[in-house]
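Q: Let chain A serve as the given structure and place chain B on it in line with the hints.
Listed below are the residues making up each chain.
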Amino acid sequence: MKKRDWFLIGGAIYLVFIVAFAAFGPAIRQVQLYPLAKQVDPAITQFDVVREAVSKKPFQPPGTGEAFLGTDELSRDVVARLAQGARVSLLVGLVVQGIALVVGVLMGVLGVFGPKWLRQPIMRFTDGMFAFPDILLAILIVAVVGLGILPVIAALAVTSWPSIARLVSTQVATLKDREYVVAAKAAGAPTGYLVIKHILPQLSGLLLAYSMIELAGTILAESTLSFLGIGVQEPDPSWGNMINTARINMNSHPVMLIWPCLFLSATIFALNFVGDGLRAYFDPKS
Amino acid sequence: MQLARALVTRLFFGVLSLLFISFVTFMADEIAPGDAATVLSGEKASLETVERLRRQMGLDRPWPIRYVEFVGHSARGDFGKSLYGIKEDVGVILARNLPMTLFIATCAISIASLIGITLGTFAGVYQNKLPDRFILVVSTLGVTLPNFVLAPLLVFFLANKQGLFDLFYQTWEVNRKDPDFYYLFLPIVVLSARPTALITRLTRASMVDTLQQEFIRTAVAKGVPRFRLYTVHALRNAILPVVTAIGTTFGFLLTGSFVVETFFRLPGLGSTTIDAIKKGDMPVVQACVMLTGALFIFLNLVVDFLLPILDPRIRESQV
Numbered sequence: 001m002k003k004r005d006w007f008l009i010g011g012a013i014y015l016v017f018i019v020a021f022a023a024f025g026p027a028i029r030q031v032q033l034y035p036l037a038k039q040v041d042p043a044i045t046q047f048d049v050v051r052e053a054v055s056k057k058p059f060q061p062p063g064t065g066e067a068f069l070g071t072d073e074l075s076r077d078v079v080a081r082l083a084q085g086a087r088v089s090l091l092v093g094l095v096v097q098g099i100a101l102v103v104g105v106l107m108g109v110l111g112v113f114g115p116k117w118l119r120q121p122i123m124r125f126t127d128g129m130f131a132f133p134d135i136l137l138a139i140l141i142v143a144v145v146g147l148g149i150l151p152v153i154a155a156l157a158v159t160s161w162p163s164i165a166r167l168v169s170t171q172v173a174t175l176k177d178r179e180y181v182v183a184a185k186a187a188g189a190p191t192g193y194l195v196i197k198h199i200l201p202q203l204s205g206l207l208l209a210y211s212m213i214e215l216a217g218t219i220l221a222e223s224t225l226s227f228l229g230i231g232v233q234e235p236d237p238s239w240g241n242m243i244n245t246a247r248i249n250m251n252s253h254p255v256m257l258i259w260p261c262l263f264l265s266a267t268i269f270a271l272n273f274v275g276d277g278l279r280a281y282f283d284p285k286s
Numbered sequence: 001m002q003l004a005r006a007l008v009t010r011l012f013f014g015v016l017s018l019l020f021i022s023f024v025t026f027m028a029d030e031i032a033p034g035d036a037a038t039v040l041s042g043e044k045a046s047l048e049t050v051e052r053l054r055r056q057m058g059l060d061r062p063w064p065i066r067y068v069e070f071v072g073h074s075a076r077g078d079f080g081k082s083l084y085g086i087k088e089d090v091g092v093i094l095a096r097n098l099p100m101t102l103f104i105a106t107c108a109i110s111i112a113s114l115i116g117i118t119l120g121t122f123a124g125v126y127q128n129k130l131p132d133r134f135i136l137v138v139s140t141l142g143v144t145l146p147n148f149v150l151a152p153l154l155v156f157f158l159a160n161k162q163g164l165f166d167l168f169y170q171t172w173e174v175n176r177k178d179p180d181f182y183y184l185f186l187p188i189v190v191l192s193a194r195p196t197a198l199i200t201r202l203t204r205a206s207m208v209d210t211l212q213q214e215f216i217r218t219a220v221a222k223g224v225p226r227f228r229l230y231t232v233h234a235l236r237n238a239i240l241p242v243v244t245a246i247g248t249t250f251g252f253l254l255t256g257s258f259v260v261e262t263f264f265r266l267p268g269l270g271s272t273t274i275d276a277i278k279k280g281d282m283p284v285v286q287a288c289v290m291l292t293g294a295l296f297i298f299l300n301l302v303v304d305f306l307l308p309i310l311d312p313r314i315r316e317s318q319v
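Those protein sequences? They're chains A and B, same order as listed.
Going by my numbering, the first sequence opens with residue 1, and the numbers climb by one from there.
Going by my numbering, the second sequence opens with residue 1, and the numbers climb by one from there.
Since the hints were derived computationally from the structure, they do not count as laboratory data.
Among the hints, a few may not be true.
As the list claims (entries may be wrong) - Per label pair, the in silico range of CB-to-CB distance:
#1 A/W117 - B/E51: 40 to 46 Å
#2 B/G34 - A/A186: 58 to 64 Å
#3 A/A131 - B/R76: 24 to 30 Å
For glycine and all other residues, C-beta sits at the position ideal for the given N, C-alpha and C.
Extracted from the complex, chain A is given alone in its bound form (with noise of 0.2 Å):
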């Protein structure tokens, strides 16, 4: 076996983990921020519940108790929260990616196969929303939408489509010209047929992997924009607003840092060597 075989079972075990770890995480381990009181008596107020969790057993170290990694500043079980920021993120990513991937394949074959006034104003305008940096645009419909999960999801979904459509266009671009879609042609298959038929299963395989490297580069941008506070928003966790906390409190406490960078760099890590990986097996040129 290749080295880079190596790597693409790593990152795919690990990615396994990952995705049960956020399945069945926040299932077997819950963050405790509104103790049951709150059930019992309406009058106490978020503040108390706050205060109380503040008061109860913050920054305690790994292993005491029934918190595995520790807890958070507002007593919250490590563990749990890295859970349900794993959901956080890759569901963000997943549903971006999910969006980008419809929304490219339909611009990229558009671009090749729409009509012929069409074609041209696609392929520039995706030339000119890939060159555009992206971060300011995701900036814009943030300051536009508002703060949380949805307004970011609307916004990396802008953003990330032009990549795919790209991909998607060249790659369309040269099988149109295989013989075996030319004598589909001839045989008159329409071009619908033709699409769906022949040439987008030939590019699924490649699409896999890009949505891969892509997705990783989803997920990395969504936690840019909650670490930076204009993306998922406490008390939603995500790695990139827990990595802001822990920053504020990195001279006291800097083990908390540890855990969601860990997380996210693996994270990350790992959908580039499956990416990686899975396109030297489906791409002609590599």
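A: Below, chain B alone, put in the same frame as chain A:
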């Protein structure tokens, strides 16, 4: 002559994309709920007061007229006034914050180019040997590791642990007005990490490509000294895609120093933008986005104009 025409076309598209950015930023304010009048008149103002203010500010006119006005004012550097605080002129805010962003981005890209091209050439020359492997692994790390992971790690290990605390970290926190620039050391290092890695990888790939070409073999056969061969013959040819990349990366640094500026609390364009978004200060957000967008477009134009100067092939092919 064809070259001149190509450059003019680029210039035209640059202006066009600038107009596009201005349109998008203008529309962003239009679509967003509430306008300057609602913000300025406060939460408790009656509808009548808001309406009066709106008429006074001319916000009741149709948007195409206001867009043309917006472009005209922006072109003259008049971005209106901030909605919050002492309602400062946005132009003044930009002028105060732009130097920091420009300074750290310029330092970062200079460091990145210097180290990146050197390491990349080195790796390309020793292709698949130990130094190359090492450089490749480190640069892969550099490309994928996010800035906001790198920054706290560096601060923690260099500044807090190694007793370099006073030198790199506390200076900016305690007395930021200090005349010395120690406090900019870590921000610039963090900012330059990713570009360095990118430039290294690109230079390496380009060098590997170039070293396989025939004119290199000819030069070796002629007995050109090693050092001269690698620098004058190979690097001179390999550097062209790198120059393009340096230009675009510089553009991304100018637009993308948000994380570094926020983390190290530097008064720059990025941190200003983020603060403005959190406050909902639309004029400042608009101005920041337009300015960074303009810088980005300008840098890409500079690269377009620089390439024919550096590469005679482009010059010849288009004349």
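Q: Look at each hint and say if it fits the structure.
A: Right, here's what the structure says about each hint:
As the Cβ distance of A/W117 to B/E51 is approximately 44 Å, the hint placing it in 40 to 46 Å holds. Checked against the hint of 58 to 64 Å, the C-beta distance between B/G34 and A/A186 comes to roughly 59 Å, which is consistent with it. At about 27 Å, the beta-carbon gap between A/A131 and B/R76 stays in the expected band of 24 to 30 Å.
Every hint from the earlier list agrees with this structure, and none is contradicted.
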